[in-house]
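Required output: the full structure, derived from the provided sequences and hints.
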Amino acid sequence: MSKLEHKIIEEHRKWTERVQKEAEKQKESNLNAPFERRAFLKGLVATAALATVSKPSTASAIGNLTWENFFQKHYKRMTPKDKEKVFARIQKEIQKEFDVAVTISDPKPIPGVKFVYFLNLSVCNGNRKCVEACVKENNTTRGPNQIQYIKVIEMNRGTMNLEKGTRYYEGEVPKKDKYYLPVQCNQCDNPPCVKACPVKATWKEPDGLVVIDYDWCIGCRYCQVACPYEARHFNFTTPNVPKEEMNPNQSYLSNRIRPKGVMEKCTYCLHRTREGKNPACLEACPTGARKFGNILDPESEVSKILKTKHVFVLKEELNTIPQFFYYFD
Amino acid sequence: MLVGAVLGTSLAEAQIQISRRTPKIENYPCKVCHGAALSKKNAFSPKDLERFQKVEEHEGMVFQHMPEVWNCYLCHSYQQPNALNLLDGTLLSYNDAPTLCGQCHGIVKRDWDQAFHGKVSGGWKGERTKFACTDCHDAHNPKFPKMTAFPPPQHPRKHPIKKGE
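Residue numbers (numbering that gives the first Met the number 0), protein chains in the order written: chain A, 0 to 328; chain B, 0 to 164.
Simulated from the structure, these hints should not be mistaken for lab results.
Treat the numbers as computed from the prediction; the structure is a model and nothing was measured.
Hints are not guaranteed to be accurate.
Keeping only pairs whose Cα atoms sit at most 30 Å apart, straight-line, the calculated DSSO-like set for lysine-lysine is [what the hints assert, rightly or not]:
{"id": "1", "chain 1": "A", "residue 1": "Lys194", "chain 2": "A", "residue 2": "Lys177"}
{"id": "2", "chain 1": "A", "residue 1": "Lys2", "chain 2": "A", "residue 2": "Lys26"}
{"id": "3", "chain 1": "A", "residue 1": "Lys128", "chain 2": "B", "residue 2": "Lys129"}
{"id": "4", "chain 1": "B", "residue 1": "Lys157", "chain 2": "A", "residue 2": "Lys276"}
{"id": "5", "chain 1": "A", "residue 1": "Lys135", "chain 2": "A", "residue 2": "Lys199"}
{"id": "6", "chain 1": "A", "residue 1": "Lys203", "chain 2": "A", "residue 2": "Lys259"}
{"id": "7", "chain 1": "A", "residue 1": "Lys80", "chain 2": "A", "residue 2": "Lys177"}
{"id": "8", "chain 1": "A", "residue 1": "Lys306", "chain 2": "A", "residue 2": "Lys276"}
{"id": "9", "chain 1": "B", "residue 1": "Lys23", "chain 2": "A", "residue 2": "Lys242"}
{"id": "10", "chain 1": "A", "residue 1": "Lys6", "chain 2": "A", "residue 2": "Lys128"}
{"id": "11", "chain 1": "A", "residue 1": "Lys84", "chain 2": "A", "residue 2": "Lys128"}
{"id": "12", "chain 1": "A", "residue 1": "Lys163", "chain 2": "B", "residue 2": "Lys46"}
{"id": "13", "chain 1": "A", "residue 1": "Lys2", "chain 2": "A", "residue 2": "Lys13"}
{"id": "14", "chain 1": "A", "residue 1": "Lys128", "chain 2": "A", "residue 2": "Lys13"}
{"id": "15", "chain 1": "B", "residue 1": "Lys157", "chain 2": "A", "residue 2": "Lys308"}
{"id": "16", "chain 1": "A", "residue 1": "Lys6", "chain 2": "B", "residue 2": "Lys124"}
{"id": "17", "chain 1": "B", "residue 1": "Lys142", "chain 2": "A", "residue 2": "Lys308"}
{"id": "18", "chain 1": "A", "residue 1": "Lys135", "chain 2": "B", "residue 2": "Lys129"}
{"id": "19", "chain 1": "A", "residue 1": "Lys174", "chain 2": "A", "residue 2": "Lys194"}
{"id": "20", "chain 1": "A", "residue 1": "Lys276", "chain 2": "A", "residue 2": "Lys91"}
{"id": "21", "chain 1": "A", "residue 1": "Lys150", "chain 2": "B", "residue 2": "Lys30"}
{"id": "22", "chain 1": "B", "residue 1": "Lys157", "chain 2": "A", "residue 2": "Lys303"}
{"id": "23", "chain 1": "B", "residue 1": "Lys157", "chain 2": "A", "residue 2": "Lys177"}
{"id": "24", "chain 1": "A", "residue 1": "Lys84", "chain 2": "B", "residue 2": "Lys157"}
Right under this line is the structure:
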């Protein structure tokens with residue numbers, strides 16, 4: 000086993016322990032005091048809300064303040080019954096707004112699985128097929144306020160300075176003396192975005208994915224500032240997704256239609272990957288530069304790559320411990 | 000433990016299937032035109048190759064492999080038109096093309112065997128398909144072609160967000 004592999008497994012073990020401890024602590028404190036944000040909001044605004052939203056009504060558009068939205072619980076505190084209700088509400092809202100029948104699923108993390116991504120920079124030719132697939136799969140906003148989870152940075156050959164690269168190249172690729180560095184969410188093991196969130200609307204799942212509860216997010220954008228990889232994006236407008244291009248296979252934590260004023264980010268397509276499929280960007284890549292898998296399985300391709308190739312991560316000095324690795328071969 | 004290790008590897012390999020190439024030539028079997036087998040392997044010259052590229056049936060074919068590679072029968076079998084042959088003359092199905100490519104491109108073949116090089120489609124666990132060499136590379140013109148990139152995101156300075164958008 001290589002040094003790096005040891006380090007990764009060790010970090011994961013530490014992280015699991017830390018999360019378990021925190022969960023236990025949380026359980027104890029929950030018995031004594033209610034959740035901070037809810038208590039605060041309930042105390043301050045409940046009376047005002049009662050005055051404005053006098054009776055329960057169906058949502059007219061996505062993310063509007065309604066009775067059900069306001070008293071919806073945090074994802075982690077929802078019972079299966081609550082979830083059913085919430086998913087039904089979201090489906091109804093999307094049906095009303097876009098006239099598309101979608102299914103909201105909620106795949107759970109698989110025990111003993113930790114997702115990592117590998118990208119072969121010698122092979123990537125910067126054709127942005129991954130970006131195209133990602134936009135379609137994740138129902139991100141198109142048009143003037145478009146959101147793209149993957150940025151492909153065109154870099155001069157032999158350099159590693161991200162500031163000298165450009166995101167806005169076009170035309171025929173690969174260009175002479177350039178290489179291409181796709182950057183998306185690194186799903187860090189020590190995520191600064193999670194630490195920055197004041198309402199705990201974002202957290203790290205046991206399989207390594209950093210997710211957001213879009214209905215709990217207050218849109219303060221602290222996480223966007225905290226992220227050194229520019230992986231988090233803010234919805235400035237109501238979602239602009241063409242009806243015929245919408246992906247109906249949606250999940251609560253990943254690619255459902257996001258309301259205006261919340262953050263969103265890459266989740267390694269958890270509605271696909273937790274069911275054994277590959278992320279959409281990998282399936283779209285014509286060069287085969289992308290490799291995805293379970294790092295805790297020693298027989299998987301990704302652990303073999305980690306053992307044999309000289310891999311590196313972006314901005315290692317920040318100690319974010321990214322789970323997205325690059326290599327040249 | 001040894002048995003377990005062997006079983007484990009064989010299971011992992013069984014889950015990755017190499018994509019099959021023979022269905023691609025079902026409609027255009029080589030033997031329709033090249034019915035008769037050639038008697039001699041080296042009855043071929045670089046001029047013949049130029050001539051073949053102008054023939055109607057192979058019109059779109061561009062041949063740009065290594066400069067030394069100009070003999071069709073280096074890879075295609077001269078005895079049996081619907082098969083390939085290795086350098087030692089062993090006949091090979093089109094499905095086993097990676098073995099043939101690996102004769103010269105050993106380092107890439109080693110990476111491909113372990114699924115480091117090339118695309119594996121269908122999921123990160125369970126049944127999945129590994130693309131063969133000729134799924135991505137044109138065997139006659141193996142350099143990966145230039146592509147047109149998907150349009151870039153809008154530059155914030157060129158397209159500032161207007162009020163009300």
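Now the hints, each set against the structure:
With a C-alpha separation of about 36 Å, the suggested pair A:Lys194 and A:Lys177 falls outside the 30 Å cut-off, and the hint is violated. For the given pair, A:Lys2 sits about 36 Å from A:Lys26 by alpha-carbon distance, which is inconsistent with the 30 Å threshold. A C-alpha spacing of about 19 Å is found between A:Lys128 and B:Lys129, which places the hinted pair at or below 30 Å, so the restraint holds. Straight-line distance between C-alpha atoms of B:Lys157 and A:Lys276 comes to about 38 Å, which puts the hinted pair past the 30 Å bound.
A C-alpha spacing of about 28 Å is found between A:Lys135 and A:Lys199, which places the hinted pair at or below 30 Å, so the restraint holds. Between A:Lys203 and A:Lys259, the direct Cα distance comes to roughly 23 Å. Compliance with the 30 Å bound is thereby established for this hinted pair. A C-alpha spacing of about 53 Å is found between A:Lys80 and A:Lys177, which places the hinted pair above 30 Å, so the restraint is violated. Proximity of A:Lys306 to A:Lys276 is assessed by CA-CA distance (about 24 Å); at most 30 Å being required, the pair is judged to hold.
Restraint check for B:Lys23 and A:Lys242: the C-alpha separation of about 36 Å exceeds 30 Å, so the hint is violated. Restraint check: the Cα-Cα separation between A:Lys6 and A:Lys128 comes to about 33 Å, which exceeds 30 Å; the hinted pair is violated. Only pairs whose Cα atoms come within 30 Å are accepted, and A:Lys84 paired with A:Lys128 is rejected, the gap being roughly 37 Å. Between the alpha carbons of A:Lys163 and B:Lys46 the distance comes to roughly 49 Å, so the proposed pair goes past 30 Å and is violated.
Taking the CA atoms of A:Lys2 and A:Lys13, the gap is about 16 Å. The hint holds against a cut of 30 Å. Our distance criterion of 30 Å between C-alpha atoms is broken by A:Lys128 and A:Lys13, whose separation comes to about 37 Å. Between B:Lys157 and A:Lys308, the direct Cα distance comes to roughly 41 Å. Violation of the 30 Å bound is thereby established for this hinted pair. A distance of roughly 24 Å separates the Cα atoms of A:Lys6 and B:Lys124; the hinted pair therefore holds under the 30 Å criterion.
The hinted pair formed by B:Lys142 and A:Lys308 meets the criterion: a straight-line CA distance of about 23 Å does not exceed 30 Å. For the proposed pair A:Lys135 and B:Lys129, the alpha carbon gap of about 25 Å is at most 30 Å, so the pair holds. For the suggested pair A:Lys174 and A:Lys194, the alpha carbons sit about 40 Å apart, so the restraint of at most 30 Å is broken. Under the criterion of a C-alpha separation no larger than 30 Å, the hint pairing A:Lys276 with A:Lys91 is consistent with the structure, at around 27 Å.
Of the pairs offered as hints, the one joining A:Lys150 and B:Lys30 is violated, with about 48 Å between alpha carbons and a cut-off of 30 Å exceeded. With a CA separation close to 45 Å, the supplied pair B:Lys157 and A:Lys303 exceeds the 30 Å bound. Under the criterion of a C-alpha separation no larger than 30 Å, the hint pairing B:Lys157 with A:Lys177 is consistent with the structure, at around 24 Å. At roughly 44 Å between alpha-carbon atoms, A:Lys84 and B:Lys157 are farther apart than 30 Å, so this suggested pair is violated.
In summary, the numbered hints that this structure violates are 1, 2, 4, 7, 9, 10, 11, 12, 14, 15, 19, 21, 22 and 24.
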